[in-house]
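Fit the two chains together into the complex; they arrive one by one in their own frames, and the hints show the way.
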Amino acid sequence: MSALPDIDALPALPPKRIDWLFRIGLSIVITVTVLAVIGPYIGPYDPTLTTVRVAQPPPSLLELPGLLQGWFAGTLEYPPHFMGTDVSGYDIFSRVIAAPRTDLVIALTANVLSLGIGVFLGLIAGYFRNFATELLMRVSDVMQSFPVFISAMVLVTLAGRSTSNIIIALAFVYIPIYIRLTRAEVLSQKSRGFVEAARAMGNTEIAIALRHVLPNSLTPALIQSSVTIGFAILLTAGLSFVGAGVRPPTPEWGLMISTGANTIILGEWWPSVFPGIAISLTVFGFAVLGNALERRYEDG
Amino acid sequence: MLLKYVLRRLSIGLVQLLGLSIAVFFLIRLLPADPVSRLVGMNASKEAYAQAQMQLGLDRPVLTQLSIYLGFQPDVAPGLLQGSLGVSWVTGSQVTAEIAAYLPVTLELVTLSFLFAFAVAVPVGMLSALRPGGRADKGVFLYSLFAGSQPEFWWGLLFVYVFFFQLGIAPAPLGLLSPMTTPPPHITGFILIDTLLAGQPAKFVEAAHHLMLPVLNLTFVLSGPIIKMVRQNMLRALQSDFVLYANSIGLPRKVVARYALRAAMAPSMTLIGILYGFMLSGAVLVETVFSLGGIGQYSVRSVLAFDYPAIQGVVLVITAISLIVYLLLDLIHAAIDPRIAY
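Protein chains in written order, with the working numbering: chain A, 1 to 300; chain B, 1001 to 1342.
For reference, chain B alone in the conformation it holds in the complex (with noise of 0.2 Å):
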C-alpha cells in the first residue's frame, strides 16, 4: 500500500518535473535577453557571434533545441534523458558535476538551520502554548512576528559587525574553511562529515566555527514561522477531546504534554516541507554573505551571466529536492498520526 503510495507520489513528481522543465525552457527563451552577445561582447564581429551561436547551438529550431535538452538526440548531445543537464557556457563543464559540487554546502546549511530552529521552536512553541494570551505567549508571539519578517542577509551582516569585527570570535565571512586550509577530500560533499571521515577533527572544528554564524543567522529567520506553527498546532491539540479524556482519567501532564506534541507535530511537517523547498533558493543571500559558495551563488552567476543550461539545471534540481523532501515529510506524517493511511 505505502509502496504503491510512493510510486504514484513517485510518478507524479516526474511528470510535473517535466512540466517544470519544458516551462523553464521556453520561459528563458521568451525573455529578450541575447546569451550570444553577452558572451561574445557586444563589440563582436558578425562571424564571431554567428560562431558562438552554433557552439551553443542556439542556430538550431527552438522545438530542436528542447529535443536535444530533453534527450531524444543523443546522438547530438546527451540530455535530461541520459542524465545530462547539459554543458556550462561559461565554464565549459557538466551542470550535473557542478550542481554536485555546490548543492551539498546549501543542503547542510539548510538542515543544520532547520534542526536548530526546531530545537527552539518546539520548547518555546509549546510553553506559550500551554498558557495561551499570557504574558510569555504574548511576547513569544511578537518574537515570531518579528523574526519571520526580517531581511535576512542584513542580520547576517549585522552578525558579521558584531562578533568578527568587534567582538573577534567568529572568522571572517570568506567561506566554510579559512583560505589557508587545504579542504579534506570530497567523499559527501558535507563539509562536517567529510572532515570527521578524513580523521580530521581539527578541520571539523574550523568548519563548524565557520558555519556558526550563517546557521545562527538562518536559524533566526526561521524560528519565526515554525514557533507560530507549533504553538497553533499545539493550542489546538491542547482543546481537542483526547487530551480532555487523557486529563480526566488522571494522566501525568508530562504524558499528557506528550501525546499533544505528537498529535501537534503531524500537521505541521507539510509546513515544514515548504519552508525547506523556500529555503533551498531563499538561503542564496545568506550564502552570499558569508561566500559559502552553495546552489544560491551558483543560480546568482549562471542568471547574472546568462548561462541558460546552469538556471534550468538549478531550477529542476531544487525543485525536484523539494518535491523529494514533501513526500519524505508526508511519509513522517503518516507515521506520527496513526489516522493517515496511504
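Okay, chain A solo, but in the shape it has when bound (with noise of 0.2 Å):
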C-alpha cells in the first residue's frame, strides 16, 4: 500500500470554516488519542488492581480542593478516587483513563485493516470489471446484509474473546463499507482524462491503477474512517456490556458501564456514568470529526 497518500495531500481547509465545533472534536479526539498512550500509567492506581475500597462514592466538588492538596501535600492515607470506585473496588478514574488504550487501539487497528483491505478490493472491483470482481461485489453484498451487531458478537464469542479477535471481527464488519465507497468513487475516476493521458504515456494497467486511481480514490474512504472510528468503539462496547467483548479486569469503557448496571437502579449511578461520559464525548468527537472533513471534500 505503498500509494498511500499522507493526509498534507489533501486541500488545505479554508480557515473560516474551522469553527469552534471542529476545534472541540479535534481537542477530544487529541486528548483521547494521547491518553491511549500515557493513560494507563498517569492514574493514581493500577487500573487492573483491586483497592479495598468497595462502592464508595466520588467526592463532592466542595471536598475536591482539600483532597488534591492533601494529595500533593502527602498528608492522605490513600490517593483520592476522583470518581469513586466500583463493586469490585477498582479506581474508576484510572480505569476511565486507562481505556482509550483499549477501546481506541481496537477501533483504530480495526478501522485501519478494514480500510486497507476494503479500499483494495474497492479498487480491484472498480477497475477491473470481470466475473471475478462481480463475484467479490456480490459476496461483499452478502456480507453487508449480515446483522452488524450479531455478526460481531458471533465472531468474537466463537473465536474466544480476546483484543486480537474482536478487532478482526470489527475489521470484517466494516470491509463491505468501504469496498463499496471506494469501487464508486473509482467507477467516476477511471474514465477521466488523466487515466487516459497515464495509458497514453504506456503505464500498465495495474500501474494506473495503484499509481493514479487509486489516490484519487482515497477521499471518501478517509473521511469515512472517523465516522467508523467513533462506531467501532461503540460496538467494542456495546459487546463488553452483553459480556461478548474483552474480559475483565481489562480497563473498557463499555465493561465498565456494564459492571455499574446492576446496582444504578440501587442508586450507585457512579460505575457507569463516568465511563459512560466518555465514551458518549469520545464518539461525539469522531462524529464531528468526520463532519468536517465531508464538508470540507463538499466544498471542494
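Honestly, the hints are just simulated from the structure, not real lab data. For every residue, glycine included, the Cβ atom is placed at its ideal position computed from N, Cα and C. Treat the hints with care, as some may be off.
[Claimed, not checked] Calculated pairs, EDC-like style, for lysine to aspartate or glutamate (alpha carbon to alpha carbon, straight line, at most 20 Å):
| # | chain 1 | residue 1 | chain 2 | residue 2 |
| --- | --- | --- | --- | --- |
| 1 | B | K1138 | A | D46 |
| 2 | B | K1138 | A | E294 |
| 3 | B | K1254 | B | D1241 |
| 4 | B | K1046 | B | D1059 |
| 5 | B | K1138 | A | E298 |
| 6 | A | K190 | A | E134 |
| 7 | B | K1046 | B | D1034 |
| 8 | B | K1004 | B | D1330 |
| 9 | A | K190 | A | E205 |
[Said to hold, decoys possible] Restraint ranges, calculated between C-beta atoms of paired labels, are given here:
| # | chain 1 | residue 1 | chain 2 | residue 2 | range |
| --- | --- | --- | --- | --- | --- |
| 10 | A | A132 | B | K1138 | 42 to 50 Å |
| 11 | B | L1030 | A | S27 | 39 to 47 Å |
| 12 | B | Q1055 | A | Y297 | 51 to 59 Å |
| 13 | A | T204 | B | P1123 | 52 to 60 Å |
As C-alpha cells, then:
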C-alpha cells in the first residue's frame, strides 16, 4: 500500500471553516489519543488492581480542593478516588483514563485493517470489471446484509474473547462499506482524462490503477474512517456490555458501564456514569471530525 | 408490472438468503469454537463427549450437516425447505417457535421508536431546512450529530437512574409487564395489541408504561440520523425548480411546503430501511438494559451458549425481515414519487 498518500495531500482547509465545534471535536480526539498512549500509567491507581474500598462514592466538588491539596502534600492515607470505586474496589478514574488504550487501539486497528483491505478490493472491483470482481461484489453484498451487532458478537464469542479477535471481527464487519465507497469513486475516476493520459504514456493497467486512480479515489474512504472509528468504539463497548467483549479486569468503558448497570437501579450511579461520559464525548468527537472532513470534501 | 417487480425482488431476496444461510453455516463452523465441550463441560468423559456430539449431529460430515440444515434429508430431520430452523441445542425446542416468541417484542419496540423518531424529525428537520445556516438550524445540526453518535445503552441506564430511581415515575427495568402481572393471551405477540384484543386496558396501560423508557431511549438515538436526512432532502427539494415554479405562480406557502415535503420524503425511504434493519439487531443493548426479552437478547443468549441452530435462525430471520422492509419501503418510495416506475 505504498500508494497511500499522507493526509497533507488533501486540499487545505479554508480557515473560516474551522469553527469552535471542529476545535472541540479535534481536542477530544487528541486527548483520547494521548490517553491511549499514557493513560494506563498516569492514574493514581493501577487500573487492573482492586483496592479494599468497595463502592465508594466520588468526593463532592466541595471536598475536591482539600483532597487535591492533601494528595500533593502527601498527608492522605491513600490517593483520592476522584470518580469513586466500583463494587470490586477498582478505582474508576484510573480505569476511565486507561480505557482508551483498549477502546481506541481496537477501533483504530480495526479501521486501518478494514480500510486497507476494503480500499484494495474496492479498487480492483471498480477498475477491473469481470466475473471475479462481480462475484466479489455479490459476496460483499451478502456480508453487508449480516446484522452488524450479531455478526460481531458471533465472531468474537466463537473465536474467543480476546482483543485481537475483536479487532478482526470489527474489521470484517466494516470491510464491505469501504469496498462499496472506493468502488463507486473508482468508477467515477477511471473515465477521467488523467487516466487516459497515463495510458497514453504507456503505463500498465496495474500501474494506472495503483499510482493514478487509487490516490484519487481515497477521499471518501478516509472521511468514512472518522465515522467508522466512532462506531467501532460504540460496538466494542456494546459487545462488552452484553458479555461478548474483552474480559475483566481489562479497563474498557463498555465493561465498566456493564459493571455499574447492576447497581444503578439502587442509586449507585458513578460506576457507569463516568465511563459513559467518556464514550459519549469520544464518539461525538470523532463524529464532529468526520462531519468537518465531509464538508471540506463537498466544498472541494 | 408492479407484481412482476415484487416477484423479481422476492426471488433475488431468496437467493441472497440462501447465500447468507450457507455463509453463516460455514462461518460459525470455521471458527475455533467447541460447542460440544461447551455443552457437556470441560471435564466430561470421552464417552459423554462422543454421545453429545452424536446427539447434536456434529459427528456427521460437514456437507451432510449442511444438507440436513437446508432440508434435503427430511428423513433425518426437517430443514429450511420444510420451514424448520432446527432444534435449539440448549432448550431442545424448535428455533422457529422461540424466534416467534421473542421477535414481536423487538418489532414492537423498534417500530414504535421509528414512529416517534419520525414524528419528531419531520417537523424539526423541515424547520431547520427553511432557514439553513440560521440559529435553529445550527442547534438542530448539533443535536442530530450528538444524538447520532451516542452509546444508547448508557443513556438507557441514565434514564433508569433518573426516571425510576430519582423521580419514581418509570417502572423498574424488568420487562414489559411487572413480574406480578399475568401476561395477556398470546395472539399476535405484540403486547400492546394483545392486551387490547383481550380487553384488558389496565394491562395495556401497564405495558405502555414499561415501554415508555426503552422507546424514548431508541427514539433519541434514531432521531439524530433521521433529522439530518430530512433536513438534507428538504433543502434539496426547496432548491429545486418545481418549488421555484410553485412559489412564482403564487401558491400558498403551506401548499408549497407540502409539495416539497413529499419530494423530500421519497428518497428518505432507503435510509429508513437500512436504519430499521440495523436496529433489529442493534436494539439488543436497549433490550438488555430494560430486560425486555426481545430477539436481540435471544441472540446474545444463543451466541454465548454456542447454540448454532439458534444463531443461524436469528441471523436468517433478521436478514429476511430487513430485505422485506427494504422492498416495502421501495414500494412506498414509488408510490410517493411518480417518476419511479417498475
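Cross-check of the supplied hints:
1. Taking the CA atoms of K1138 (chain B) and D46 (chain A), the gap is about 43 Å. The hint is violated against a cut of 20 Å.
2. A distance of roughly 17 Å separates the Cα atoms of K1138 (chain B) and E294 (chain A); the hinted pair therefore holds under the 20 Å criterion.
3. This hinted pair checks out: K1254 (chain B) and D1241 (chain B) have alpha carbons roughly 17 Å apart, not beyond 20 Å.
4. Only pairs whose Cα atoms come within 20 Å are accepted, and K1046 (chain B) paired with D1059 (chain B) is accepted, the gap being roughly 14 Å.
5. For the given pair, K1138 (chain B) sits about 18 Å from E298 (chain A) by alpha-carbon distance, which is consistent with the 20 Å threshold.
6. Between K190 (chain A) and E134 (chain A) the CA atoms are separated by roughly 17 Å; this keeps the pair inside 20 Å, and the hint holds.
7. With a CA separation close to 14 Å, the supplied pair K1046 (chain B) and D1034 (chain B) stays within the 20 Å bound.
8. Proposed proximity of K1004 (chain B) and D1330 (chain B) is supported: the alpha carbons are some 14 Å apart, at most 20 Å.
9. The hinted pair formed by K190 (chain A) and E205 (chain A) meets the criterion: a straight-line CA distance of about 11 Å does not exceed 20 Å.
10. Remark: the range hint 42 to 50 Å for A132 (chain A) to K1138 (chain B) is upheld by a beta-carbon distance near 48 Å.
11. Checking the proposed 39 to 47 Å range against L1030 (chain B) and S27 (chain A) shows it holds: the Cβ atoms sit about 43 Å from each other.
12. Separated by about 57 Å at the C-beta atoms, Q1055 (chain B) and Y297 (chain A) satisfy the suggested range of 51 to 59 Å.
13. Between T204 (chain A) and P1123 (chain B) the beta carbon distance is about 57 Å. The supplied range of 52 to 60 Å therefore holds.
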